[in-house]
Amino acid sequence: MNIASILATKGDKVFTIRGEQTIREALVVLAQHNIGALVVVDGLRPIGILSERDVVRAAVKNEAVFPLLVNQLMTRDLVLGDPGDDLGAVGQTMVQRRIRHLPVVVDGKLVGMISIGDIVKAQRDRYQGEVDTLQIIVMEHGH
Amino acid sequence: MVLGTAEQPLRVAVFGAGPAGFYVAEHLQRRADLAIDVDMFDRLPTPYGLVRAGVAPDHQKIKAVTAAFDKVAAQPRFRFFGGVEFGKDLSVTDLRGHYHQIVYTTGAQTDRRMGIPGEDLPGSHPATEFVAWYNGHPDYRDCQFDLSQERVAVVGVGNVAVDVARILCRTPEELARTDIADHALEALRHSRVREVYLLGRRGAAQAAFTNPEVKELGELPDADIIVRPEEVELDPVSREALEQSGDRASAKKVEILQSYAQRQPAGKPRRLVVRFLVSPVAVLDNGAGSVGAIRLVRNRLVASATGTVQAQPTDHVEELPAGLVFRSVGYRGVPLPGVPFDDKWGVVLNEKGRVLDPDSKQPLPGEYTAGWIKRGPTGVIGTNKPDAAETVAAMLDDAAAGHVVVPAEPDPAAVERLVRQRQPHAVDWNDWLRLNALEIERGRTRGRPRVKFTRVDEMLDALGNRHRP
Numbered sequence: 001m002n003i004a005s006i007l008a009t010k011g012d013k014v015f016t017i018r019g020e021q022t023i024r025e026a027l028v029v030l031a032q033h034n035i036g037a038l039v040v041v042d043g044l045r046p047i048g049i050l051s052e053r054d055v056v057r058a059a060v061k062n063e064a065v066f067p068l069l070v071n072q073l074m075t076r077d078l079v080l081g082d083p084g085d086d087l088g089a090v091g092q093t094m095v096q097r098r099i100r101h102l103p104v105v106v107d108g109k110l111v112g113m114i115s116i117g118d119i120v121k122a123q124r125d126r127y128q129g130e131v132d133t134l135q136i137i138v139m140e141h142g143h
Numbered sequence: 001m002v003l004g005t006a007e008q009p010l011r012v013a014v015f016g017a018g019p020a021g022f023y024v025a026e027h028l029q030r031r032a033d034l035a036i037d038v039d040m041f042d043r044l045p046t047p048y049g050l051v052r053a054g055v056a057p058d059h060q061k062i063k064a065v066t067a068a069f070d071k072v073a074a075q076p077r078f079r080f081f082g083g084v085e086f087g088k089d090l091s092v093t094d095l096r097g098h099y100h101q102i103v104y105t106t107g108a109q110t111d112r113r114m115g116i117p118g119e120d121l122p123g124s125h126p127a128t129e130f131v132a133w134y135n136g137h138p139d140y141r142d143c144q145f146d147l148s149q150e151r152v153a154v155v156g157v158g159n160v161a162v163d164v165a166r167i168l169c170r171t172p173e174e175l176a177r178t179d180i181a182d183h184a185l186e187a188l189r190h191s192r193v194r195e196v197y198l199l200g201r202r203g204a205a206q207a208a209f210t211n212p213e214v215k216e217l218g219e220l221p222d223a224d225i226i227v228r229p230e231e232v233e234l235d236p237v238s239r240e241a242l243e244q245s246g247d248r249a250s251a252k253k254v255e256i257l258q259s260y261a262q263r264q265p266a267g268k269p270r271r272l273v274v275r276f277l278v279s280p281v282a283v284l285d286n287g288a289g290s291v292g293a294i295r296l297v298r299n300r301l302v303a304s305a306t307g308t309v310q311a312q313p314t315d316h317v318e319e320l321p322a323g324l325v326f327r328s329v330g331y332r333g334v335p336l337p338g339v340p341f342d343d344k345w346g347v348v349l350n351e352k353g354r355v356l357d358p359d360s361k362q363p364l365p366g367e368y369t370a371g372w373i374k375r376g377p378t379g380v381i382g383t384n385k386p387d388a389a390e391t392v393a394a395m396l397d398d399a400a401a402g403h404v405v406v407p408a409e410p411d412p413a414a415v416e417r418l419v420r421q422r423q424p425h426a427v428d429w430n431d432w433l434r435l436n437a438l439e440i441e442r443g444r445t446r447g448r449p450r451v452k453f454t455r456v457d458e459m460l461d462a463l464g465n466r467h468r469p
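Taken in order, these protein sequences are the chains called A and B.
With my numbering, you'll find the first sequence wraps up at 143, consecutive numbering, no jumps.
With my numbering, you'll find the second sequence wraps up at 469, consecutive numbering, no jumps.
Pulled out of the complex, with its shape left as it was, chain A reads as follows (with noise of 0.2 Å):
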């Protein structure tokens, strides 16, 4: 099973926003969508990520972070995903990295941003349904 099938059911949206805008727009469109990160793109290439923990810690140092850059607090250390990557290797990955979030590119291009959430719900969803379908060819046994 792979990342595609997440996306899939995503609609289309992934929420970016650009270097150069400020950390109260980024912040104004994270409680807009009640989403804990943005990406942060060129055009359409991801070039880092802008996440509501980058926000907590800066502000926690700063008070006046609102006015800051975007690319001043964003992370550049990007984990990018392939829509074939492997539902269990990115939950591994995101697990040990501690990444909650992470975009997913063609060619580079970014068409979709996956959560950890999401990978918690597919997989449940996956074994789910794997339990399901073993319990009726169990039971059709017993008969």
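FYI, nobody ran anything at the bench for these hints, they're computed from the structure.
A quick note: this is a predicted structure, and the numbers were derived from the prediction, not measured.
Treat the hints with care, since some could be wrong.
[What the hints assert, rightly or not] Rough simulated footprint, nothing fancy, chain B against chain A, three-plus residues with beta-carbon under 8 Å: (1) 10-23; (2) 30-43; (3) 116-127.
[Stated by the list, open to error] No more than 27 Å apart at the CA atoms, straight line, and that leaves these computed lysine-lysine pairs for DSS-like: (4) 361(B) with 121(A); (5) 121(A) with 10(A); (6) 352(B) with 10(A); (7) 215(B) with 268(B); (8) 252(B) with 121(A); (9) 352(B) with 109(A); (10) 13(A) with 361(B); (11) 109(A) with 361(B); (12) 121(A) with 352(B); (13) 344(B) with 10(A); (14) 13(A) with 344(B); (15) 344(B) with 121(A); (16) 361(B) with 10(A); (17) 352(B) with 13(A); (18) 109(A) with 344(B).
Virtual Cβ for every residue (Gly too), placed ideally from N, Cα, C.
Could you slot chain B onto chain A? The hints should help.
Leaving out everything else, chain B in the frame of chain A:
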């Protein structure tokens, strides 16, 4: 307007009578506090989608899932209209005139292409066509496969590829105990296939087939399983991925395959050869205009940024003689007329089951999707259950909030009239139950679970005059 009362039932049309459609209906019916009319449509007169036309005939136990679907169909507010095609017999506009909500559950109806030269030579087919053919799907009934060939290459190691390889290796006696279509049974009786190759792009640890499926391949009465030891040796990349994930099932899979590699062939009449770390780069002409061989490039495994084990081609190329090629490298949904489509993923454009307007990216009131046409072709039959639950949750939330289509004629009888007018040969659930009983009866005398009707005309004839005006 409160919908879901006896006076004003919530009226839902479900297009596609496969597992996704039935699980949507089942989840709607669970709301005993709401009156919900479910009309289910399918382009075939027979229900169950891939459970009938996809699941292999020698896997009858899995087909028992239809008992759950029959319970859904027996509910009073459920109707079935078989033989009704979306976009041809009924359009979105027609449905909007009669229903508050429409759900698309049409599945992934085409195969992905390999994108290599020679793919369209005679003798090279999508594996799904072969599957639909041996399962008696009326659209594929007249397909021809040259089973006089001795060597067959099946590209892919997913469950469809494995099914195809296994069916090709079964004896006529084994197949005669299943509900395989008569025409396929007859053709396979005369099969001269002696060697079947299953070709996996990645390694044994990454193969999509399940452990029971692998075990089954090793227990075929008429076919020796052949595995090359060097292709199932665990490479460092896979070893690390397995250790990190603690995935015991995949580790076991590798173990089983390694045990096959140690086996001495028993000299059975057929050979099933499972190859790993090879990708087809061309299907080659035999000089007479049809398939003669397949050219493979050897792969090595590398880990991607996310830890996914990927195949990377090397310089090593080989040619495998084969007169018949089946590709099973994935499936894709087909756009439905008038329904927004997401070409990137090959699904109906949706967010958690709500169909979206392609321009505004906002939900289209009253339109939903579930199953493979919603999320793409992944998972087993049961995976469609949580998937349908998500869609139904959205439907019920929207209905409660009044975000529905307001149909001009929310009347069951009006639908009946419209369907009869557009498609006089439409069948209902009772018709299906009669067909089902007839199929089982035809099978009973021959010691088979059923003998399928494989032509729509044949089905309508069996049902009698009402359908032959």
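Comparing the hints with the structure gives:
Residues of the segment 10-23 of chain A lying with their CB closer than 8 Å to a CB of chain B number 4, which satisfies the three-residue condition for coverage. Only when three residues or more bring their CB closer than 8 Å to a CB of chain B does the claim for the segment 30-43 of chain A stand; here the count is 0, and the claim is violated. Given as covered by chain B, the segment 116-127 of chain A passes the check, having 3 residues with a CB less than 8 Å from a CB of that chain where 3 are the minimum. Between residue 361(B) and residue 121(A), the direct Cα distance comes to roughly 23 Å. Compliance with the 27 Å bound is thereby established for this hinted pair.
Taken as a hint, the residue 121(A) and residue 10(A) pair is honoured in the structure, with Cα atoms around 13 Å apart against an allowance of 27 Å. Among the hinted pairs, residue 352(B) with residue 10(A) is consistent with the structure: their alpha-carbon atoms are about 6 Å apart, no more than 27 Å. Simply put, residue 215(B) and residue 268(B) have alpha-carbon atoms about 17 Å apart, close enough for the 27 Å limit, and the pair holds. Note on residue 252(B) and residue 121(A): the hinted pairing holds, with a Cα-Cα distance of about 26 Å set against a maximum of 27 Å.
Restraint check for residue 352(B) and residue 109(A): satisfied, since their Cα atoms lie roughly 23 Å apart, inside the 27 Å limit. For the proposed pair residue 13(A) and residue 361(B), the alpha carbon gap of about 8 Å is at most 27 Å, so the pair holds. Restraint check for residue 109(A) and residue 361(B): the C-alpha separation of about 20 Å stays at or below 27 Å, so the hint holds. Taking the CA atoms of residue 121(A) and residue 352(B), the gap is about 12 Å. The hint holds against a cut of 27 Å.
The straight-line distance between the Cα atoms of residue 344(B) and residue 10(A) is roughly 12 Å, inside the 27 Å bound, and the hint therefore holds. Under the criterion of a C-alpha separation no larger than 27 Å, the hint pairing residue 13(A) with residue 344(B) is consistent with the structure, at around 13 Å. Straight-line distance between C-alpha atoms of residue 344(B) and residue 121(A) comes to about 22 Å, which keeps the hinted pair within the 27 Å bound. Simply put, residue 361(B) and residue 10(A) have alpha-carbon atoms about 11 Å apart, close enough for the 27 Å limit, and the pair holds.
For the hint pairing residue 352(B) with residue 13(A), the CA-to-CA distance comes to about 12 Å; that is within 27 Å, so the pair holds. Of the supplied pair hints, the one linking residue 109(A) and residue 344(B) holds, its CA atoms being roughly 13 Å apart against a limit of 27 Å.
In this structure, only the earlier hint numbered 2 is contradicted, and the remaining ones agree with it.
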